[in-house]
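Numbering (my numbering), first residue to last: 2 to 212.
Any given hint might turn out to be false.
DSSO-like mimics (lysine-lysine), calculated; alpha carbons at most 27 angstroms apart, straight line [what the hints assert, rightly or not]:
id: 1; residue 1: 188; residue 2: 120
id: 2; residue 1: 137; residue 2: 188
id: 3; residue 1: 137; residue 2: 86
In short, the hints are calculated from the structure, not lab data. Note that the structure is a prediction, hence the values are computed from the model and not measured.
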Amino acid sequence: MSNKSQVRPDLYGMGPMPLLTFKKIKILGKTYSPNFGDRHSLLILKRVMSKKVSFMRAYTGWVHSGGMSSEEMSEGRSFFRWLQKYSLSVEWSEEDFSLNHFFSSPRSPKHDPQDEMAKNLSFAIRPVRVQERNIKLYIEDQDILSLFNLSYGNDEDFLALVSEYVASRFQWAKWNAPSPSFLDWVKARGLRPVFQETQIGFSLPIIMGRR
Numbered sequence: 002m003s004n005k006s007q008v009r010p011d012l013y014g015m016g017p018m019p020l021l022t023f024k025k026i027k028i029l030g031k032t033y034s035p036n037f038g039d040r041h042s043l044l045i046l047k048r049v050m051s052k053k054v055s056f057m058r059a060y061t062g063w064v065h066s067g068g069m070s071s072e073e074m075s076e077g078r079s080f081f082r083w084l085q086k087y088s089l090s091v092e093w094s095e096e097d098f099s100l101n102h103f104f105s106s107p108r109s110p111k112h113d114p115q116d117e118m119a120k121n122l123s124f125a126i127r128p129v130r131v132q133e134r135n136i137k138l139y140i141e142d143q144d145i146l147s148l149f150n151l152s153y154g155n156d157e158d159f160l161a162l163v164s165e166y167v168a169s170r171f172q173w174a175k176w177n178a179p180s181p182s183f184l185d186w187v188k189a190r191g192l193r194p195v196f197q198e199t200q201i202g203f204s205l206p207i208i209m210g211r212r
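Assemble the whole structure, with the sequences as input and the hints as a guide.
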């Protein structure tokens, strides 16, 4: 299997990262490379307000406000708080950022726009077959990013873990027992998922006008 089709955190830093790469911006002759981190990148992308400005205008305003000199927080958190302060969101265009190639395969799973369970979820997981049924697992964005960043545990294929977790959910339901989240279940067992292309996909926020 080629390096492009499988991502192991120990070989590639912390999973398929960065999720997004933002375009460079030149301000008064100086070039900036926005680096928000994946968690805040998703928060910034998903933020929708009545007042919208271009990415260039927002980033320039943040830089002029002294955001780049902040030592108390990350660039992503600082930029996000600046947007909150002025009740702004970004009017994104296609060239503002690029998606990690890991999620770009035409065979990667996507959410159905009519799927209410997937509302506000950026990541789509390929369905697994358990007990003669095709089951789709939904995982919150922040939990997916935490799975990408697990730095310890015994490696196991991601979809194999999903299948085992779903089977356990069926058993817990029979017992009327509470179900841990997939992330907590994986961590408690001392495991670390190995992701392969087409197992998980990324859907751009609806504000881009496409999925």
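Given the proposed pairing of residue 188 with residue 120, does the C-alpha separation stay at or below 27 angstroms? This hinted pair holds, its Cα atoms lying about 26 angstroms apart.
Given the hint that residue 137 pairs with residue 86, test it: the Cα-Cα distance must not exceed 27 angstroms. violated (38 angstroms)
Please work out if residue 137 and residue 188 have their alpha carbons no farther apart than 27 angstroms. holds (21 angstroms)
The structure fails hint 3 only (numbered hints given earlier).
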